[in-house]
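Engineer: Residue numbers (our numbering), protein chains in the order written: chain A, 1 to 399; chain B, 1 to 177; chain C, 1 to 460.
Source of the hints: derived by calculation from the structure; they are not laboratory data.
Some clues are possibly wrong.
Stated by the list, open to error - Cross-link-like lysine-lysine pairs, in silico, DSSO-like; alpha carbons within 30 Å at most:
no. : chain 1 : residue 1 : chain 2 : residue 2
1   : A       : K379      : A       : K16
2   : C       : K18       : C       : K342
3   : C       : K305      : C       : K287
4   : B       : K52       : B       : K28
5   : C       : K342      : C       : K17
6   : A       : K174      : A       : K158
7   : A       : K19       : A       : K349
8   : C       : K305      : A       : K253
9   : A       : K253      : A       : K174
10  : A       : K253      : B       : K52
11  : C       : K305      : A       : K158
12  : A       : K174      : C       : K17
13  : B       : K158      : B       : K28
14  : C       : K17       : C       : K305
15  : A       : K129      : C       : K342
What the hints assert, rightly or not - Using C-beta positions, here's what the derived DEER-type ranges look like:
no. : chain 1 : residue 1 : chain 2 : residue 2 : range
16  : A       : K158      : B       : L60       : 45 to 53 Å
17  : B       : T151      : A       : L310      : 36 to 44 Å
18  : C       : L37       : B       : Y81       : 53 to 61 Å
19  : A       : A301      : B       : H51       : 32 to 40 Å
20  : A       : S240      : B       : I61       : 33 to 41 Å
21  : C       : D301      : A       : K379      : 32 to 40 Å
Stated by the list, open to error - Chain C residues, not near chain B, derived (Cβ > 12 Å throughout):
no. : residue
22  : F46
23  : M123
24  : A139
25  : F165
26  : A166
27  : V284
28  : A341
29  : L403
30  : C430
Even for Gly, the Cβ is constructed at its ideal location relative to N, Cα and C.
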Amino acid sequence: MTASTHSFTAPADLEKGIKSWRTRALAVGVVALAAGAAGGLGNPDQFFRSYLWAYLFFVGVTIGCMALLMLQYLTGGAWGVVIRRLCEAATRTFPLLLVLFLPVVLGISHLYSWSHPEVAAADEAIRHKQAYLNVPFFLGRAAFYFLGWIVFALLLNKWSLAQDTEPGSRQQLKLQLVSGPGLLFFGLSVTFMAIDWVMSIDPHWSSTMYGLLFIAGEGLSSMAFLITTLVILSRSRPFSEVITRRHLHDLGKLMFAFVMVWAYFSFSQFLIIWAGNLPEEIPWYVRRLHGGWGWVGLALAAFHFAVPFLLLLSRDIKRNYNLLTAVAVWLLVMRMVDLYWLVMPEFRKGEFGVSWMDFVIPIGLGGIWLAAFTWQLPKRPLLPPGELHLEEALAHGRD
Amino acid sequence: MTKTIYGMMAEFDTPGALVNAAREARAKGYRKLDAYSPFPIEELSEALHLHKSRLPLIVLIGGILGGLTGYLMQYYVTVLYFPINVAGRPLHSWPAYIIITFEMTILFAALSAVFGLLALCGLPMPYHPVFNVPRFALASRNRFFLCIEATDPLFDRKATSDFLGTLEPREVSEVAH
Amino acid sequence: MAEICSPLRLPLIAGRKKPAAVTEDVCRALTRPPSGLWWAAFAAAFALLLLGTAAVSYQIATGVGTWGLNTTVGWAFDITNFVFWVGIGHAGTLISAILFLFRQRWRTSVNRSAEAMTLFAVMCAGIFPVIHTGRPWLAYWLFPYPNFRGSLWINFRSPLAWDCFAISTYFLISATFWYVGLIPDLATVRDRLASTEGGSLRHRLFSIFSLGWNGSYRVWRHYEVLYLLLAGLATPLVISVHTIVSWDFATAVIPGWHATIFPPYFVAGAIFSGIAMVLTLMLVARKAMGLEDYITTRHVDVMCKLLLLTSGIVALAYGTEFFTAFYSGNPYEEFVFLNRAKGPFAWAYWTMVSCNVLVPQLLWFRRVRRSMGVVFVLSLLINVGMWFERFVIIVTSLHRDFLPSSWASYRPTIVEVSTLAGSFGLFFTCFLIFCRILPVIAMGEVKAVLSHGQGNGGEA
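Next up, chain A with everything else stripped away, as it sits in the complex (with noise of 0.2 Å):
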């Protein structure tokens, strides 16, 4: 069984029922955001709101996959190898949320008060930063970051796609060459990008750890998402013949290992924090840990952190294609709490309280995405024949 016996591109089967899927995907997410957006003429706060955070977890996914696309050219380790045309596909979304990124910008009164002149003028703190959190600047901020992920999207795309015809060291390190600055620039982009659009939510409020909490919620929902599909396509050829649960392994792994990151970033910060006892950052937590919020809180440290955490330790877990699915899936839920805790607490101060538009919005961004996921995703051979890592990668997983 070698590389060139193998046809890497999904079967027409396969082929059929991602089509039905993405045809199923639209339809439920355009409707659905059309429910949404309906409502949000009645209450565009809320709309906006939701708009945001279901965006925030989207684009964390994308931003996640690219970014663990350029990890896996710079390890070169074989457990990279089998999800790379998925963490392609999804990187090629790029574009869309672009688009899908104007109900924000039109939301910014909505959403940011120091975006209000008045509330600026009567704020000594926010007329400080007005500097930094102004209208023009923040939009200018948002179109570098995405010009910044597109290009490397591109570059990563273009250069994978030129190694299935020219197999070779030499495309291959190029995209290793691409890699180290890319991931440079995530670090900066997801941690400014946190800053601009959820920090600044609370314009008096500020941690240095934020964006690496982001940085790790990026990583662990991306690789939960991965894993997800990756099962999914798992039943049909060609990953029918190459996946084993020594791959699922070491992905479980992975996962495993962020889902600690994210723990230890947010304890970091919450014992720093709680030992500081600030006026000017206590708040923050005050408002996150008591009444509704303080109950969402601990189902965070418990099903975002415990339970998982538990769970993952057991090797048997990780090897199991349905358990390992269900924890993936169980985490990216988990992530869109954490999210949800993240941002609306700013909204509905000290109140909890959820909207019929945080179910509603977060489907139909989702059924979008997707659809271009899966739209994207069949353009090329799911594996990518030319990797020099290939069939190391595949042999890793015959027991």
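Given chain A, work out where chains B and C should sit, using these hints.
Structural biologist: Coordinates of chains B and C only, in the frame set by chain A:
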């Protein structure tokens, strides 16, 4: 019955030959086998049909005990035994106690791993008959040995020695007790 | 042993070695009399150690007043050295545990000596807080135990108490991990000595410490599980140690210390400086002991890339801190950061930035990574930079505090400088002795990866 021996030992040049020999011996029906090598060989556990190590369970228990010890010690001292206001923090300052709890978990888990290994393997072992084979000194350097022990029901000095001879070893020798 | 390797994989060990040759190459150093270079290095290190011992003795006899500390700057040289040495230690655990979990097999040639480095570095680190207490003979007061002094217990809410637990756990576990890894190699040396000097004291010591290891499969299978478990436990442990060190500062409310990014920032910085120290030691050791086939240019290349990565994280943290100082709108935070860049310690700050952020950018170039001399110089510069990083964080955040009337400066005394020199002396003395009496390369592990990539030929 002449003087009892520990077993029969064959010496091989490569890890591959040792794995093959172990497989053949299993296929022949021998069960009391042991292989000796200068570094671990992945295929051997499967060739020798060894069951899973119980070490992870020992470590898990050690870790849980360590964590409980750490947390309860702090809770007992600061809440029950000597409650005193320190810097206005609550008596039961759980965020702060997580850290020592964590360290104690790791400490106990790691120590139980090491002592668990010693107990499971019977180390330190001052005497073992395999060292009576002069060439066995190479087992820690670059030679690979397979030993069929005398306690095996199929063991027979002549037959076992002949069987080992068919596996293309470098040398077959008796292991004295 | 048909292992499928991608064509990109090059042999980990050069020179097409056979297992027997590995034993010989590594053990030769143990029986050969030491070279003149070794004696020269040992004499220098030992002299420094004596100097340090004299300084510490004088300080203990006289009091902490022999240091340049004052009411405003209550922490300076000693804690800088403490954080510096703990950080150095972390690279050893990274190489032995984290890279093991990630199946980075190149680690086998360097993990033994990197772990030894960890132990010696943690020993050096431990000295400083203990002598800073002023009465080191009462150091056991740092641990909780039932006592008869009016129920006096340590403060479990204090990061200094956490430190105590973290550092002692770390030392114990690192020592255990190192020893467990040594056992099979001790057995190899034992069996080799048996033929040449059976019954000698050295042979007997190796026999005792190898615990009767015979390479049996009944032992190997547990041993492999143990190694994996210890690696899995050491990884969160090492991260927790430097995290707790960072909490020594971050849980306080002093501007410049109280930053939520400190834990990952300190961990990345620790690994950064530690890898630099590993490189310094390895580049000398491979030359001095003729281990070029084991520690190849490829090992150096990979470690340089790790330096580049950690330097990037450290730079990102510098940037984030500076940005947030402005963004927070807190005038004290802003002042501390401006004072770092422009105040009386600006020279230290800019040394730190140049050595930790600018200089490592050279490592983007392959030619630099492959030139041993340049890498050696870079590794020294990075450690200078990382030492200054801790100095800058500690001293510049303290010396101009909230009240301008209490502003003060800080200047280390000769006693403090000698103590720092002495810690280097201790470190190198221990390392040089280690090179003489124990196998510096994990023979068992190297033998297991000899065949890796051998089919692709060529040298890295």
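Engineer: Could you run down the list of hints and mark each one as holding or not?
Structural biologist: We went through each hint and held it up to the structure:
1. K379(A) x K16(A): Answer holds: K379(A) to K16(A) is near 13 Å, not above 30 Å.
2. K18(C) x K342(C): violated, 59 Å
3. K305(C) x K287(C): Answer holds: K305(C) to K287(C) is near 22 Å, not above 30 Å.
4. K52(B) x K28(B): holds, 23 Å
5. K342(C) x K17(C): violated, 56 Å
6. K174(A) x K158(A): holds, 11 Å
7. K19(A) x K349(A): violated, 44 Å
8. K305(C) x K253(A): Holds, at about 23 Å.
9. K253(A) x K174(A): holds, 28 Å
10. K253(A) x K52(B): holds, 20 Å
11. K305(C) x K158(A): holds, 25 Å
12. K174(A) x K17(C): violated, 33 Å
13. K158(B) x K28(B): Distance ~15 Å between K158(B) and K28(B) Cα, so the pair holds.
14. K17(C) x K305(C): holds, 27 Å
15. K129(A) x K342(C): Roughly 23 Å separates the two Cα atoms, so the pair holds.
16. K158(A) x L60(B): 45 to 53 Å: holds, 48 Å
17. T151(B) x L310(A): 36 to 44 Å: At roughly 41 Å between Cβ atoms, L310(A) and T151(B) fall inside 36 to 44 Å, so the hint holds.
18. L37(C) x Y81(B): 53 to 61 Å: Because 58 Å falls inside the window, the suggested range holds.
19. A301(A) x H51(B): 32 to 40 Å: Roughly 37 Å apart at Cβ, these two residues keep to the hinted range, so it holds.
20. S240(A) x I61(B): 33 to 41 Å: holds, 40 Å
21. D301(C) x K379(A): 32 to 40 Å: Given a distance of about 36 Å, which is inside 32 to 40 Å, the answer is holds.
22. F46: It holds; F46(C) is separated from chain B by about 33 Å at its closest Cβ, greater than 12 Å.
23. M123: holds, 18 Å
24. A139: About 18 Å separates A139(C) from the closest Cβ of chain B, which puts it past 12 Å; holds.
25. F165: violated, 4 Å
26. A166: Violated, because the least Cβ-Cβ distance between A166(C) and chain B comes to about 5 Å, which does not exceed 12 Å.
27. V284: The claim holds: V284(C) sits with its nearest Cβ about 28 Å from chain B, beyond 12 Å.
28. A341: holds, 32 Å
29. L403: Check passes; 21 Å lies beyond 12 Å.
30. C430: Given that every Cβ of chain B is farther than 12 Å from that of C430(C), nearest at about 23 Å, it holds.
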